[in-house]
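Chemist: Given next are the chains, with one letter for each unit.
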Amino acid sequence: MKKELTRQQYLDLYYYMRLNRSVEDMMVKLFRQNKIVGGLYSSLGQEAISVGTAYALEKKDWLAPMIRNIGALLVKGVRPRDIFMQHMAKYDSPTKGKDGTSHFGDLDDLHIVSPISMLGDLIPVMTGVAMAGRYLGQKTVAMTWIGDGGSSTGVFHEGLNFAATQKAPFVLILENNLWAYSTPVRKQVPLANLADRAKAYGIDSYIVDGNNVVAMYSTAKEAVERARAGEGPILIEAKSFRRMGHAQHDPAEYVPKEMRAYWEARDPIALYEKFLTSEKLLDARDKKEIEEKINALLAKEREFAENSPMPPPEFAETGVYCTGDDCHKIRAKWERPIAEVTPPRSSVEAVWTVPGFGSGEGSRGANAPMHFGDTQAAETLPAGAGKPAGKPPAKVTPQKTVKTAPTGASRKARR
Amino acid sequence: MPGSNGGASNGTSVTFLEAIKQAMFEEMERDPAVVLIGEDVGVYGGAFKTSEGLLERFGWERVIDTPISESAIIGAACGMSYCGLRPICEMQFIDFIVCAFNQITNFVAKGHYLWNAPAPMVVRGPSGGGVHGGPFHSANPEMYFVHTPGLKVIYPSTPYDAKGLLKAAVRDNNPVLFFEHKFLYRRIKGEVPAGDYTVPIGKAVVRREGIHLTIISYAAMMHTSLEAAEALAQEGIEAEVIDLRTLLPLDEETILNSVKKTNKCLVVHEDTKTGGIAGEIAAILCEKAFGDLDGPLMRVTSLDTPVPYAPSLEEYFLPNAKKIFSAAKELARY
Numbered sequence: 001m002k003k004e005l006t007r008q009q010y011l012d013l014y015y016y017m018r019l020n021r022s023v024e025d026m027m028v029k030l031f032r033q034n035k036i037v038g039g040l041y042s043s044l045g046q047e048a049i050s051v052g053t054a055y056a057l058e059k060k061d062w063l064a065p066m067i068r069n070i071g072a073l074l075v076k077g078v079r080p081r082d083i084f085m086q087h088m089a090k091y092d093s094p095t096k097g098k099d100g101t102s103h104f105g106d107l108d109d110l111h112i113v114s115p116i117s118m119l120g121d122l123i124p125v126m127t128g129v130a131m132a133g134r135y136l137g138q139k140t141v142a143m144t145w146i147g148d149g150g151s152s153t154g155v156f157h158e159g160l161n162f163a164a165t166q167k168a169p170f171v172l173i174l175e176n177n178l179w180a181y182s183t184p185v186r187k188q189v190p191l192a193n194l195a196d197r198a199k200a201y202g203i204d205s206y207i208v209d210g211n212n213v214v215a216m217y218s219t220a221k222e223a224v225e226r227a228r229a230g231e232g233p234i235l236i237e238a239k240s241f242r243r244m245g246h247a248q249h250d251p252a253e254y255v256p257k258e259m260r261a262y263w264e265a266r267d268p269i270a271l272y273e274k275f276l277t278s279e280k281l282l283d284a285r286d287k288k289e290i291e292e293k294i295n296a297l298l299a300k301e302r303e304f305a306e307n308s309p310m311p312p313p314e315f316a317e318t319g320v321y322c323t324g325d326d327c328h329k330i331r332a333k334w335e336r337p338i339a340e341v342t343p344p345r346s347s348v349e350a351v352w353t354v355p356g357f358g359s360g361e362g363s364r365g366a367n368a369p370m371h372f373g374d375t376q377a378a379e380t381l382p383a384g385a386g387k388p389a390g391k392p393p394a395k396v397t398p399q400k401t402v403k404t405a406p407t408g409a410s411r412k413a414r415r
Numbered sequence: 001m002p003g004s005n006g007g008a009s010n011g012t013s014v015t016f017l018e019a020i021k022q023a024m025f026e027e028m029e030r031d032p033a034v035v036l037i038g039e040d041v042g043v044y045g046g047a048f049k050t051s052e053g054l055l056e057r058f059g060w061e062r063v064i065d066t067p068i069s070e071s072a073i074i075g076a077a078c079g080m081s082y083c084g085l086r087p088i089c090e091m092q093f094i095d096f097i098v099c100a101f102n103q104i105t106n107f108v109a110k111g112h113y114l115w116n117a118p119a120p121m122v123v124r125g126p127s128g129g130g131v132h133g134g135p136f137h138s139a140n141p142e143m144y145f146v147h148t149p150g151l152k153v154i155y156p157s158t159p160y161d162a163k164g165l166l167k168a169a170v171r172d173n174n175p176v177l178f179f180e181h182k183f184l185y186r187r188i189k190g191e192v193p194a195g196d197y198t199v200p201i202g203k204a205v206v207r208r209e210g211i212h213l214t215i216i217s218y219a220a221m222m223h224t225s226l227e228a229a230e231a232l233a234q235e236g237i238e239a240e241v242i243d244l245r246t247l248l249p250l251d252e253e254t255i256l257n258s259v260k261k262t263n264k265c266l267v268v269h270e271d272t273k274t275g276g277i278a279g280e281i282a283a284i285l286c287e288k289a290f291g292d293l294d295g296p297l298m299r300v301t302s303l304d305t306p307v308p309y310a311p312s313l314e315e316y317f318l319p320n321a322k323k324i325f326s327a328a329k330e331l332a333r334y
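Protein chains in written order, with my numbering: chain A, 1 to 415; chain B, 1 to 334.
Honestly, the hints are just simulated from the structure, not real lab data.
Given the structure is predicted, the values throughout are model-derived calculations rather than measurements.
Do not take every clue at face value.
[Stated by the list, open to error] Straight-line C-alpha distance at most 35 Å; calculated DSBU-like pairs for lysine-lysine:
no., chain 1, residue 1, chain 2, residue 2
1, A, 329, B, 329
2, A, 98, B, 167
3, A, 333, B, 323
4, A, 199, A, 221
5, B, 167, A, 329
6, B, 49, A, 139
7, A, 167, B, 49
8, A, 280, A, 59
9, A, 139, B, 203
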């Protein structure tokens with residue numbers, strides 16, 4: 001780790017990782033006291049990923065957590081009491097007991113989209129959030145996470161491909177923690193690096209040590225700013241390890257002992273403490289101060305959560321539909337002149353203008369020519385073309401205009 | 001372009017398809033938060049040309065051609081709706097909506113209930129049979145979604161309703177599925193008024209007054225039911241015909257008022273029999289109008305099979321005026 005942030009930033013990262021772990025430690029206690037209604041999922045050993053990536057976002061940016069991204073929620077401004085109460089199904093929780101775990105969001109203030117349990121669905125949703133932010137002129141970036149397991153879903157492909165075609169300001173963190181429940185990553189994906197999947201979408205990717213919070217932060221920061229600048233979506237593979245089972249009930253005996261030992265020796269918080277100490281950014285007194293601050297905060301937050309009532313039974317029947325303005329005033333927040341997207345300024349000629357048509361711009365011209373004799377044959381391309389290494393795409397062939405011939409309605413035009 | 005007047009309706013008779021086009025055009029004109037997203041909706045103007053002219057007028061940012069990725073279309077629209085936009089998603093054929101089933105039923109539909117997140121979006125597309133589209137281009141998948149709390153489901157039968165209900169759907173704060181029976185697209189015409197209007201979601205309408213029995217239907221079968229009602233009138237049986245228009249929420253009041261008057265009920269739908277809306281209506285009548293019934297609830301529906309391709313098979317599969325006529329006569333005898 002090399003020194004590149006301000007002291008406050010270094011200490012923020014430390015604070016949030018410690019807070020992340022302490023919140024989860026406290027929830028394990030609550031779970032063992034039967035105060036948590038459903039399952040409890042742990043991000044032990046993966047805190048650097050949640051904290052480092054979410055810390056790269058601005059306040060106006062959007063995130064959607066997965067089940068092991070408690071740290072990202074804390075960084076974004078969620079109070080620990082909300083996380084406790086979600087798990088305890090309390091009436092004062094963000095979902096008022098209607099859902100648990102990290103399944104909650106905040107559209108108005110924190111800009112958090114709630115996840116669902118079906119993996120990958122957040123990818124197109126956050127693509128839409130990113131597209132809307134761009135359309136409204138807000139210059140926001142959307143971020144979400146997916147596991148090695150979730151990267152095999154169909155909607156991962158649909159979402160990331162669509163984000164890529166739209167050049168949406170979207171950053172996807174692929175947390176490769178080596179296990180999808182009990183199935184090792186090698187049984188799921190025949191790739192050494194899951195980041196290689198980015199090539200298929202013509203987008204750039206990074207591979208990062210997921211246990212190095214500074215690397216996570218600085219990579220995410222670069223990706224977020226590139227996405228914001230209009231370079232399109234970026235995939236970051238964070239290599240780490242799921243130290244607990246899938247959830248509390250799972251002892252994870254299927255994990256080889258040597259693998260566990262290897263990763264336990266690389267605890268992200270311990271590694272970071274060592275770095276901070278050697279760089280003289282943190283001494284024993286600072287550490288004690290942070291610990292006391294967290295302990296005092298969590299004692300208060302836990303007390304609040306425990307004292308919150310359970311929802312009244314008949315509350316189950318409410319809130320299926322939005323009843324209108326009295327329920328939600330839905331108004332787009334424009335940060336660009338509306339005239340740009342309304343006629344006559346929005347008017348265009350309905351023809352395709354496809355840059356580099358036939359050569360596959362996303363793959364840097366490395367594809368074989370598809371339709372036109374005027375594109376360069378693949379074998380004549382310079383060596384190394386089509387082997388991106390985190391660089392923005394090179395400009396390819398000049399624009400070509402293809403005019404479609406409008407015909408009558410065609411049925412069954414597809415498949 | 002939707003007419004040389006820039007798409008504004010002028011109180012004339014238009015096709016069902018033109019009514020839908022006008023609704024989208026006028027809503028996009030009215031509110032820049034409305035965008036259209038789907039396969040081939042832009043340059044090509046939609047497989048059935050329902051979005052013809054929209055790209056020219058509103059541009060690439062608002063008329064979004066997508067890859068063949070229904071889950072991405074629905075998901076992205078949902079994300080847009082969270083940011084205050086009001087996207088209209090086109091399913092090229094409504095059959096393909098099931099490719100995004102999870103996205104609709106688990107993500108879009110549950111958001112308001114679970115975490116107070118309204119998703120003001122519309123999913124629309126051509127549905128229904130009778131055009132020899134075969135098993136994957138003729139579906140009536142409305143009941144998968146009528147079973148999903150959080151959605152609204154509309155299935156109109158006239159150009160007036162199609163336009164007014166689509167406008168209402170765009171302005172609604174909830175996710176609305178809007179089924180367009182493709183048999184009606186160019187086959188029927190109807191008056192639409194000049195100027196802006198909406199038709200309320202969740203309200204059925206009595207299309208024909210009658211006293212001997214109630215026929216409840218919607219979409220293309222509403223027209224078939226009216227045809228049967230005319231034939232029944234020749235034999236002295238006056239059927240009341242109700243057009244549901246919205247399937248979720250269902251207008252129980254209109255149904256109950258009619259059945260309390262006629263005491264007999266026949267439900268006609270093009271959807272297959274098992275799990276169709278007729279079963280739900282039967283249950284409602286049993287619960288709330290059991291004492292008013294003078295005969296069994298009867299139903300005329302498609303067969304419990306996939307939609308077959310050959311015209312002879314499809315005609316056998318679908319309900320028709322003759323089948324409705326026979327069932328109604330049988331019911332009238334009670």
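Chemist: Against each hint, give a clear statement of whether it holds in the structure.
Modeler: Now the hints, each set against the structure:
1. With a C-alpha separation of about 51 Å, the suggested pairing of residue 329/A with residue 329/B is violated against the 35 Å cut-off.
2. Restraint check for residue 98/A and residue 167/B: satisfied, since their Cα atoms lie roughly 32 Å apart, inside the 35 Å limit.
3. This hinted pair does not check out: residue 333/A and residue 323/B have alpha carbons roughly 54 Å apart, beyond 35 Å.
4. A C-alpha spacing of about 21 Å is found between residue 199/A and residue 221/A, which places the hinted pair at or below 35 Å, so the restraint holds.
5. For the given pair, residue 167/B sits about 18 Å from residue 329/A by alpha-carbon distance, which is consistent with the 35 Å threshold.
6. With a C-alpha separation of about 34 Å, the suggested pair residue 49/B and residue 139/A falls inside the 35 Å cut-off, and the hint holds.
7. This hinted pair checks out: residue 167/A and residue 49/B have alpha carbons roughly 27 Å apart, not beyond 35 Å.
8. For the hint pairing residue 280/A with residue 59/A, the CA-to-CA distance comes to about 29 Å; that is within 35 Å, so the pair holds.
9. Our distance criterion of 35 Å between C-alpha atoms is broken by residue 139/A and residue 203/B, whose separation comes to about 42 Å.
Hint compliance for this structure: hints 1, 3, 9 are not met, and every other hint is.
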